[in-house]
Amino acid sequence: MIGEQVLIERQDIQKLLDVLHQKGYETVGPTIREGAIVYDQIASVEELPIGWTDEQDGGTYRLKRRNDQALFGYVVGPYSWKKFLHPPVLSLWKAKKSGKSLEIIPNSDEIPQYAFIGVRSCELHAIFIQDRVFTNGKFTDPHYQARRQKIFIIAVNCVQAGGTCFCVSMKTGPKATVGFDLALTEIIDGQRHYFVVEVGTEKGAEILQKVPTKPAQPSDKKSADERVAQAAQRMGRQLDTTDIKELLYRNLEHPRWDEVATRCLTCANCTMVCPTCFCTTVEDVTDLIGAEAERVRRWDSCFTLDFSYVHGGSVRASVKSRYRQWLTHKLASWIDQFGTSGCVGCGRCITWCPVGIDITEEVRAIRQSESAQLSERRG
Amino acid sequence: MVVTLKPQQIPVAVSTDPMVPVPYRLLRVRRETSDTFTFEFGSVDGSRFPFAPGQFNMLYLFGVGEVPISISGDPERPEILVHTVRAVGTVTTPFCKLKPGDIIGVRGPFGSSWPVVEAAGNDVVIVAGGVGLAPLRPAIYHILNHRGEYGRVAVLYGARSPGDMLYKKELAEWRGRFDVQVEVTVDAAKPDEWQGNVGVVTTLIPRAHFDPHHVTALVCGPEIMMRFTILELQKRGLRDDQIYISMERNMKCAIGFCGHCQYGPNFVCKDGPVFRFDRVKEIFGKREI
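If you read the protein sequences in the order shown, they are chains R and B.
Going by our numbering, the first sequence opens with residue 1, and the numbers climb by one from there.
Going by our numbering, the second sequence opens with residue 1, and the numbers climb by one from there.
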């Protein structure tokens, strides 16, 4: 059954959610909140952004009505699935002090069993990247691992590209090829609205058994492939990744960093919306009488001044050094650390930057100035 | 006031979650300088604490927070956990007010270590600046415990003033040995309080006894001190792969997850804190990396 493709009609998608609920999953998917498509708990298909799409560009995000009733007719919003696997705020443990004894009680909250509905290929790759960060080294983050092991993933292949998308450059999409339980391609053809579903795992096959399906015809598969291929042709951005690590390592003192620093507000938006950024800080709190304490982990950002503080001052005091740290980590040192780029080309950092700084543009500027110098020397 | 508790010999404690500290009880405190103290801890359950010279722990002060501190005890005495702490921050200041019997939380040991095993057969030169002597002391203990395995050994130590020197009694003891060259200098001193060398620690390097081709250098101190020490060692003919340094960065987790300690492609907490110099030379000295 793995690798098999079947059809689900639009009216049977609710059944898919119902079966997941019956199996004990908390279904999470795209829905509209405060003018954006975000990921949150959904119980019904009606909560999906039916008939909506998004328009994205540097520093711009707008919802717009579609002229059809597509369920997944948009790309990615400000949230990523990171929010569920690597929670923004997490209590690590509590400590109790009485007299001369100290007891530390690890957080044993029940871990939710999530079914993610509508994971894009770039986002699947972001999950694979965080898997490497949290579960592939000498230490394992038990909080991430516990959540990750339980998830059920319904991927959605993109049939349109967003204005800031560049998954094709990063080789992370638009078609989901691995790592999902089920993958949907949405097809609206005249009056017919259906989904070509690829089965990725036994777990996926088991869920599908309780949902009305039909075998997919070669023409259906062709139609799905064509739509995805079309999306691949329409990427809003491009990033040349040739020798990108070496390019950035040899340009740590490039004047472009000073230039981008005049625009960057160090607001940290890019790191919050990034589906792979993993940095955290910890906060220690006590009750008023000092008998109980708690340690809480929170998302942090390399754009804050505090991030690199050691006694005497911050290592990265200038805006330039903080932007450089983020970009070179994402695209260069990440490769040394985890054997993969830290960027999946989802474009969120471009869209949600309040001043529209564009990671692809910054790299291009450095690359072009280098090749200009080179041709000058040859000239 | 000295309170001594006797820990028993039982197996090493294992915590499944690397973010959860294990309680340790303060046994003894010694004042080193006006703001620096050496603490000896014993685990509450009596377990031993094996570590390698140069490694560090995350020390948790109840309700206040956690701080990375290198281990400064003898690696062959794992029943006692020794840390030298200078009161400079929000955690270390109240930390330095701990009294024997008080309990802290400990996570570790973390990070890379000084190459004391690999250096066997070679001469060793140890260059320390200020509190940088603390992470080097376990390496000195190891070398002295196994003195016969090494060639000539030189310990060069620089402090800001005579009052800022750590481990004075031990320095004097080591200096009294016939098989170790110990040189100490201070940046500044009043004539009536100090008759020794005055000047920065790098001034001691030209007179250290070692064979430049068969020596391992272990260096720890402020980055600026390490930079100039490396230059002096290079002048003596050392290659970059003979020099080891210990780096310091902000740390929240010590296990490579929080991202704070990144230093180029390295996580100081897991790839460091001890680095062979040739592996970081491209970024060492670059501003704000």
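Hints in this document: simulated from the structure, not taken from any laboratory.
Please note that a few of the clues may not be correct.
A few chain R positions that, by computed beta-carbon distances, are all more than 10 angstroms from chain B [to be verified]: (1) 32; (2) 106; (3) 109; (4) 139; (5) 149; (6) 201; (7) 218; (8) 232; (9) 293; (10) 300; (11) 333; (12) 340; (13) 364.
Heads up, simulated DSS-like pairs for lysine-lysine below, C-alpha to C-alpha not over 30 angstroms straight-line [stated by the list, open to error]: (14) R:94 x B:169; (15) R:96 x B:97; (16) R:150 x R:64; (17) R:94 x B:97; (18) B:286 x R:96; (19) R:64 x R:23; (20) B:99 x B:190; (21) B:281 x R:245; (22) B:270 x R:83; (23) B:97 x B:169; (24) R:245 x B:286; (25) R:138 x B:270; (26) B:281 x R:94; (27) R:138 x B:286; (28) B:99 x R:97; (29) B:168 x R:320.
A virtual CB, placed ideally from N, CA and C, is assigned to each residue, including glycine.
We went through each hint and held it up to the structure:
1. 32: The claim stands: residue 32 of chain R keeps its Cβ more than 10 angstroms from every Cβ of chain B (closest is about 32 angstroms).
2. 106: Given a closest Cβ separation of 5 angstroms, the condition is violated.
3. 109: Since the minimum Cβ distance to chain B is about 13 angstroms, residue 109 of chain R lies beyond 10 angstroms and the statement holds.
4. 139: violated (4 angstroms)
5. 149: Label holds. Min Cβ-Cβ 15 angstroms, cutoff 10 angstroms.
6. 201: The claim holds: residue 201 of chain R sits with its nearest Cβ about 28 angstroms from chain B, beyond 10 angstroms.
7. 218: At about 47 angstroms from chain B, residue 218 of chain R clears the 10 angstroms cut-off, so the statement holds.
8. 232: Check passes; 31 angstroms lies beyond 10 angstroms.
9. 293: violated (4 angstroms)
10. 300: Contrary to the label, residue 300 of chain R does not stay out of reach of chain B, its closest Cβ about 7 angstroms off (not over 10 angstroms).
11. 333: Check fails; 4 angstroms does not lie beyond 10 angstroms.
12. 340: holds (13 angstroms)
13. 364: holds (23 angstroms)
14. R:94 x B:169: violated (41 angstroms)
15. R:96 x B:97: Holds: residue 96 of chain R and residue 97 of chain B sit about 20 angstroms apart, inside 30 angstroms.
16. R:150 x R:64: violated (35 angstroms)
17. R:94 x B:97: holds (23 angstroms)
18. B:286 x R:96: Cα-Cα ~44 angstroms, so violated.
19. R:64 x R:23: With a Cα-Cα distance of about 35 angstroms, the restraint between residue 64 of chain R and residue 23 of chain R is violated, given a limit of 30 angstroms.
20. B:99 x B:190: violated (33 angstroms)
21. B:281 x R:245: holds (17 angstroms)
22. B:270 x R:83: holds (26 angstroms)
23. B:97 x B:169: With a Cα-Cα distance of about 23 angstroms, the restraint between residue 97 of chain B and residue 169 of chain B holds, given a limit of 30 angstroms.
24. R:245 x B:286: With a Cα-Cα distance of about 18 angstroms, the restraint between residue 245 of chain R and residue 286 of chain B holds, given a limit of 30 angstroms.
25. R:138 x B:270: Distance ~9 angstroms between residue 138 of chain R and residue 270 of chain B Cα, so the pair holds.
26. B:281 x R:94: violated (42 angstroms)
27. R:138 x B:286: holds (29 angstroms)
28. B:99 x R:97: Distance ~16 angstroms between residue 99 of chain B and residue 97 of chain R Cα, so the pair holds.
29. B:168 x R:320: The given pair, whose Cα atoms are some 43 angstroms apart, is violated under the 30 angstroms limit.
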